[in-house]
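Generate coordinates for the entire structure from the input sequences, incorporating the hints supplied.
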Amino acid sequence: MKKSTKALIGIVLTAALIVSFALVYNRFRPRAGEGTKSYTLEVVDDAGAQNAYSGKTDSEYLSGIMDELVAEGDFTYDGSESEYGLFIMAVNGVTADYDTDGAYWSIMVNGEYGQYGADSQPVSDGDDFELVYEKAQ
Amino acid sequence: MNLSMKKHSKHKSSENDAYEIADSRVGDTNYRPGRTSGGWSIIDIAELGMMTALLEAGKHALDFLPNVELVTLLLIIFTLHFGLRTIAATFAFTAIETAFFGFQTWVIMYLYMWPALVLIVWLNRRKTSVWFFSILSGLYGLFFGAFCSIPYLFIGGINMAFTWWVAGIPYDIIHCIANFTLCLALFRPLNHAMNYILKITSR
Chain A
0 MKKSTKALIG IVLTAALIVS FALVYNRFRP RAGEGTKSYT LEVVDDAGAQ
50 NAYSGKTDSE YLSGIMDELV AEGDFTYDGS ESEYGLFIMA VNGVTADYDT
100 DGAYWSIMVN GEYGQYGADS QPVSDGDDFE LVYEKAQ
Chain B
0 MNLSMKKHSK HKSSENDAYE IADSRVGDTN YRPGRTSGGW SIIDIAELGM
50 MTALLEAGKH ALDFLPNVEL VTLLLIIFTL HFGLRTIAAT FAFTAIETAF
100 FGFQTWVIMY LYMWPALVLI VWLNRRKTSV WFFSILSGLY GLFFGAFCSI
150 PYLFIGGINM AFTWWVAGIP YDIIHCIANF TLCLALFRPL NHAMNYILKI
200 TSR
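Taken in order, these protein sequences are the chains called A and B.
Oh and the first sequence: position 1 is 0 in numbering that gives the first Met the number 0, straight run, nothing missing.
Oh and the second sequence: position 117 is 116 in numbering that gives the first Met the number 0, straight run, nothing missing.
Take the hints with a grain of salt, since some may be wrong.
[To be verified] When the alpha-carbon atoms are kept at most 25 Å apart in a straight line, the in silico SDA-like pairs for lysine to any residue are as follows:
# : chain 1 : residue 1 : chain 2 : residue 2
1 : A       : Lys2      : B       : Pro188
2 : A       : Lys36     : A       : Glu71
3 : A       : Lys36     : A       : Lys55
4 : A       : Lys1      : B       : Phe131
Hint data in this document are derived by calculation from the structure and do not stem from the laboratory.
What follows is the structure, given as structure tokens:
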């Protein structure tokens, strides 16, 4: 067999190996994890309308879930840092202004009022969160 | 000066891709220029130092390009001219790299990967085709990650080794293409330079 033929066979086999390696990489390459903790998040606005979200997350705190939902595009929120942590001012475009009409966004965790701000509310597997527009009595 | 080495060549060939080695004693592991008794001669040690220096220069000259390196090509050239003594240069190279970057898992990989390359080339030292060594160089780059994953078999089992290898496949492919291209482009001039140097130093 001519050397040039051998070289050509060698190059073809090397190219085939490269393609095989690429296929292995495409099949087994590391992908971002889906998250391990399931959750639901329900938003109840000033008109009582509800929007529900659910998914899996690795976020440690509720604000992490909110940021993930914002990144997905079907959820917005606005807030400010306060001495008590993240103070939620608006969700999905609905602003709660306590100074004007005593309204605020409350955080419910598994049916009870949360004890923490969104950025310090821990997330456990199976948690049900609610962001509810409420007015002070 | 006539740089032609054909009159010294033992690898004369009518094929266009054949290269020539000026020193007909290539591959003779007992050959030690300047050796007066067993062990390493002063020339051996000087050559070891120069090989190591060139390996370091070749490594760091292309550090800015991930997985593009001249070490593989230089080791092929060194092995074809100096035989198995090149293994000592791989250990010296690894020692200097360790001094630079500290002892980590890759040190263990270097300790068997580079000597393995020298051994493979030495076993194929009679091959006369530049294409052969270019393809060998490319394959060595392609399988570099796979063989480097061996320590992870013992650290975290087959899953860890497999995951580590797969994550690095894109870099292995770059390594393969870069090695092949560099060898194809630079083998002849480097081999020619080596022949010339060995001739003027009266080896």
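Restraint status (C-alpha distance of Lys36 (chain A) to Glu71 (chain A) at most 25 Å): With Cα atoms ~17 Å apart, Lys36 (chain A) and Glu71 (chain A) stay inside 25 Å; holds.
25 Å Cα cutoff - pair Lys36 (chain A), Lys55 (chain A): 5 Å, holds
Given hint Pro188 (chain B) paired with Lys2 (chain A) - CA-CA distance at most 25 Å: Within the cut-off at roughly 21 Å; holds.
Need the status of pair Lys1 (chain A), Phe131 (chain B): alpha-carbon distance at most 25 Å? Satisfied, since the Cα-Cα distance of roughly 13 Å is no more than 25 Å.
Every hint from the earlier list agrees with this structure, and none is contradicted.
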